[in-house]
Amino acid sequence: MVVPSAVTERHLALPTGLITAILLAIPGYFFGVWLGTLFGLFDDQNTGVILGYGFAVIGFLIGLGFLNYPLGRLMGWNMQPVPVYSDVDAVAAAARQGWTRYFSLSLDHKVIGLQYLVTILIMLLFGGIGAMLIRTSLLVPDASITPPGQYIMLIGLHAVMMIFITSAVILGPFGNYLVPLMIGARRMAFPRLEALSFWVVPPAAVILAAAIFWGGFPTGWTGYPPLSEQAGQGMDSYIVGFVLIAIALVTSGINMLATIITMRAPGMTWTRLPMFVWGIFTTAILGLLAAPVLATALIQLALDRTVQTSFFLASNGGSNYLWENLFWFFGHPEVYIFILPAFGIIMDIVPHFARKPLWGYRTGVVGLFGVTLLSWFVWQHHLFVSGIAPVLRPFYMLSTELISIPTGIIFLVTLGTLWRARVWYTVPMLFCMGFLFNFLIGGISGVYLSDVPTDVTLHGSYFSMAHFHYTIVGGEIFAMMAACYYWLPKMTGKMLSPTIGRVHFWVMFIAFNSTFFPLFIAGILDMPRRVSVYNPALQGLNQWVTYSAYALFGSMLLFAANLIYSWFFVTRPALANPWQVRGLEWQVPTPVPVNNFDRVPLIVAGPYDYGIPNARPVADFGGLVGATGGG
Amino acid sequence: MPGRWPISAALWVRPVAVRTGTPGVAPAAADAALETRVLATGMWLWLAADTFFFAAWWFSFFYLKAFNNNQAWRPAGVDHPALAFGLLVLALVILMAITFWLASRLLYGSFLFSLLAPVSLVLAIAACIFQGYGMWHLGFGMTQGGYASVFAGLTGAWLIQLVGATGWLATVLIQAREGGDTVVRAHSAATFAWFPLYLAAIGVINFVVLYLVR
Amino acid sequence: MGLRIEPADRPHAIRLLIIWVILSVIGVIAALQIPYPPGNQSIQGDDQAKTLQLLTALATPVFIGVVMMVIYSAIFFRRNTPELVDGPPMLGHTPVQVAWIGISAILVLFLAFVGITTLASDGVARTVGVPGRAIGGSTTGGAAQNQASELEVQVIAQQWYFTYRFPSYGGVETTHLEVPVDRPLDIHVTSLDIIHSWWAYELGVKADANPGVDNEFHVTPQKTGSFTVRCAELCGLWHGQMSDTEGKVVSQSDFDTWIAQQQKDYAVIASAVPSYAPSYFPAPLTKGS
Chain U
1 MVVPSAVTER HLALPTGLIT AILLAIPGYF FGVWLGTLFG LFDDQNTGVI
51 LGYGFAVIGF LIGLGFLNYP LGRLMGWNMQ PVPVYSDVDA VAAAARQGWT
101 RYFSLSLDHK VIGLQYLVTI LIMLLFGGIG AMLIRTSLLV PDASITPPGQ
151 YIMLIGLHAV MMIFITSAVI LGPFGNYLVP LMIGARRMAF PRLEALSFWV
201 VPPAAVILAA AIFWGGFPTG WTGYPPLSEQ AGQGMDSYIV GFVLIAIALV
251 TSGINMLATI ITMRAPGMTW TRLPMFVWGI FTTAILGLLA APVLATALIQ
301 LALDRTVQTS FFLASNGGSN YLWENLFWFF GHPEVYIFIL PAFGIIMDIV
351 PHFARKPLWG YRTGVVGLFG VTLLSWFVWQ HHLFVSGIAP VLRPFYMLST
401 ELISIPTGII FLVTLGTLWR ARVWYTVPML FCMGFLFNFL IGGISGVYLS
451 DVPTDVTLHG SYFSMAHFHY TIVGGEIFAM MAACYYWLPK MTGKMLSPTI
501 GRVHFWVMFI AFNSTFFPLF IAGILDMPRR VSVYNPALQG LNQWVTYSAY
551 ALFGSMLLFA ANLIYSWFFV TRPALANPWQ VRGLEWQVPT PVPVNNFDRV
601 PLIVAGPYDY GIPNARPVAD FGGLVGATGG G
Chain P
1 MPGRWPISAA LWVRPVAVRT GTPGVAPAAA DAALETRVLA TGMWLWLAAD
51 TFFFAAWWFS FFYLKAFNNN QAWRPAGVDH PALAFGLLVL ALVILMAITF
101 WLASRLLYGS FLFSLLAPVS LVLAIAACIF QGYGMWHLGF GMTQGGYASV
151 FAGLTGAWLI QLVGATGWLA TVLIQAREGG DTVVRAHSAA TFAWFPLYLA
201 AIGVINFVVL YLVR
Chain Z
1 MGLRIEPADR PHAIRLLIIW VILSVIGVIA ALQIPYPPGN QSIQGDDQAK
51 TLQLLTALAT PVFIGVVMMV IYSAIFFRRN TPELVDGPPM LGHTPVQVAW
101 IGISAILVLF LAFVGITTLA SDGVARTVGV PGRAIGGSTT GGAAQNQASE
151 LEVQVIAQQW YFTYRFPSYG GVETTHLEVP VDRPLDIHVT SLDIIHSWWA
201 YELGVKADAN PGVDNEFHVT PQKTGSFTVR CAELCGLWHG QMSDTEGKVV
251 SQSDFDTWIA QQQKDYAVIA SAVPSYAPSY FPAPLTKGS
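For the protein sequence lines, the chains are U, P and Z, in the order given. Position 33 (the first sequence) corresponds to 33 in this note's numbering; numbering is contiguous. Position 142 (the second sequence) corresponds to 142 in this note's numbering; numbering is contiguous. Position 179 (the third sequence) corresponds to 179 in this note's numbering; numbering is contiguous.
In short, the hints are calculated from the structure, not lab data. Using N, Cα and C, we set each Cβ at its ideal position, and we do this for glycine too. Certain hints may be false.
Covered, in the sense of this in silico footprint (three residues per stretch, anywhere, with C-beta under 8 Å from a C-beta of chain U), are these stretches of chain P [unchecked claim]: (1) 45-51; (2) 56-66; (3) 112-118; (4) 140-148; (5) 163-171; (6) 195-209.
Please build the complete structure, drawing on both the sequences and the hints.
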């Protein structure tokens, strides 16, 4: 093996940054449109719009500097790999400092986590405004406030924007920031993939929002053809945006799994892994394997819309059932992509504040994996009334109902941990308790939908809409709020105001239940989803829901106010370990150093060993100098 | 770097020296071992994801074939492109994959590697060109039923990955020369070798599905 | 390893058990009092309402149990000292875990069993010639299997209304649906353009309308009255408008009068519509050009 002595490192003199990225994205779009028109296949411009979005994204990524490394390597230049694990100084030197690092391609998982957080919160505001407009329109039972064309656009934008957000809202900010800290690693396994998994999300959001200029798309988030083939160019936003999210899910899946499998610190055995890491691990499995199936379906839809293939056109040898199968084969694991990290958060935070060991650690992990495994075998419960394979209905009914067993385990473990504990009711803990209540309702209503005879009445009604809002908003978003109040002090170095936090929790909890519980009743009383015109008898109910929804939006504004108040006005610096817990991520200084750990920690005990006589500290930080990994 | 933006716009694709150091120095043995595991794990994860991608296409094939809606799955006059042409592309890819796999696993750093690896690159490029040519001469139009749709989509998706693999292969090859950074990371070439092999295997399944299944 | 309750657990366990039993009894009794949709206008709707009732009655103790635990721990397992105190180091309790998983498994399997038998009874009922007990029968039943007494109705969906054809009455096409009481209906749902879903709320039928697909459902109305039809699958601009409150279940003689009138009216336009078929393939949706 030849080892050259001193080599000059070279790379492209590409001025990278957000400005370049945007400056390249714009001509990229017009180039794509021009190319699409050049092929001149059909005059409705779908080819041009899709290619335009594609080239805009490529231009954006090049402008950020994603091309530098692969192109440099292709040119034969000696590219510096991401600093290796034992090279502490190189890690520090390679990291860009100052606020500009948040607006450029950074390979530091902590920067990426915060980039994700801010992006997601901005998207959340957008999606939330969509929800408010929808609810406003439903104040009246006819389409007099919002014309049907705009209403249907709002439905689509709110739905898809929220799906984008909820796919990433825990995995992105908290997964990226915390996983290396929790397993004692200095960085992620594939920092470039990690950065890519973030940097496709802002273009996805922008492209989705661009659908407004085409009049939106009429299909909601499910994109069922042939409606989605009948739709105008707004549909192309749906396709490209979702492809980008699929890319984010696959890249972050590879990165998270490889990191957790290979880069755990010495002594971080599988049974010492924090539950949050297990939540991310199982989520990553689902994202990695489900998103490619979505990509296939989206490519087929794009081909149908551009070069006139007929994957989904029954009269030309296709079938819309193909989309329904592929989409829900992705779509059901996707909903567990939302909730598994939330399970991880709950099972991680509760023992820390209960100050008791997690009650049944292995059972909890088995529960997570049970959900992961079963989620592949349930997708046709979305299709009970579609007419697909009626003989398979009993199987999917059984598999769907079986999934409540591993889900029940999550409750078992959490309640067992609370048993005879001395719980410190902080704001994160309040949100965990709120999660338990909301997700219980969400889970039980799911059983109603899994039963074929009752699903016939409830399918496609507000009942199912209320069900998934209970699981996603009441479950995932509540868990995400718990995570914000719990981990943001570590991530930003500033405590959030607990007083505003408590008000925020109670307003959000009450407003949430007051918004969505009546919608179960609306669904049972014959109100279908996604309608701008409904039964006038239900107007009172809908008005109540709308006013509650305003209060729910107000509670989110309270959260935003808390962030602004606690970050800019009355700042309270966070200690390294403000909650006095055993989690490894709390044992590093605040703010977290660029290297995470000066020396690779030697893990000697589990994170939840509270109350155990003579329990060892969680890690030995004077440990090895050298590689991470093993375990 | 953001401060240099207007000036260096002109220098976009010009390499500049930014730091002299010893990037070619072998990392600590433990780091190298870890990196081997990281790369191998990442590759296997990617192949798992890609398998689901292609499986969705095969599912589409058999699903639409079983439905045969409006008797338009494969209307009269629509047949697969010439068998010999498909076989040619397949043979090129298999040969390429096996050549590189053997070269990177058994002969890395030896004279034979520098001989065989370029051969595999040439084979890969040839396969891309032939398949790309084939895509423009399918013998049927996109609108001609389900089979035409699946053929174009599946072969196209496979071709795009083949092109990507070819670029990656070229990178590995270029970096494998003396002074390249792959010199100190032989395992990255060996890990990459799984991908062409995988694509060749997918190519075989695609061939059976698209050409042989009636 | 036996189910041994530690002394410290006992007061909590006993208290919780008593509260749970009391609240559950009250909850289950209350759950059984609620009238469940979609009512009993059809045998299938009645089945659905009963299943809803069963599910609610089973879910109530589960819901009460978990919520009670959450509230109880919020009250009694709260830290009341200024400094942090570690709780007792309980790492798990195998019998409790096994019991929890076992009970949830039994509940789930019971529900699946009930659901599957409700579904399967349809197929059995059809072969012996009595009204089906549930919707969602298999589509494999050929013409030979169809009972002579079953009335075939084809539901045709398009943007944004439903029409109905009666093959046994010369393929007559109507804009509202009237069906005779106590006669099993064999409903075939199809679409002319995109996916819709035919939801006859009071009848307890929901069936997607797919282009080129004949989606078959069975229902037996058992009470006269009116029912509402809505579209339950997003189908574009006027999806919410795609409803009809004029569905009727009438007596056999009223139905005969009504269908005769429809046939008379239909004679004028019969030549303009395609002849009856199980499904219709719309022209390919080519865009542009």
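For each hint, the structure was consulted:
1. Coverage of the segment 45-51 of chain P by chain U holds in this model, with 5 residues showing a Cβ closer than 8 Å to a Cβ of that chain against a need of three.
2. Coverage of a stretch by a chain is defined here by at least three residues with a beta carbon nearer than 8 Å to that chain's beta carbons; for the segment 56-66 of chain P and chain U the count is 6, and the condition holds.
3. Given a C-beta distance limit of less than 8 Å, the hint that chain U covers the segment 112-118 of chain P is violated, as 0 residues qualify and 3 are needed.
4. By the rule of at least three residues with a Cβ nearer than 8 Å to a Cβ of chain U, the coverage given for the segment 140-148 of chain P holds, with 6 such residues.
5. Residue count for the segment 163-171 of chain P with a Cβ under 8 Å from a Cβ of chain U: 3. That meets the three needed, and the coverage hint holds.
6. Using a Cβ-Cβ cut-off of 8 Å, 0 residues of the segment 195-209 of chain P lie near chain U, which falls short of the minimum of three, so the contact claim is violated.
When each numbered hint is compared with the structure, violations occur for hints 3, 6.
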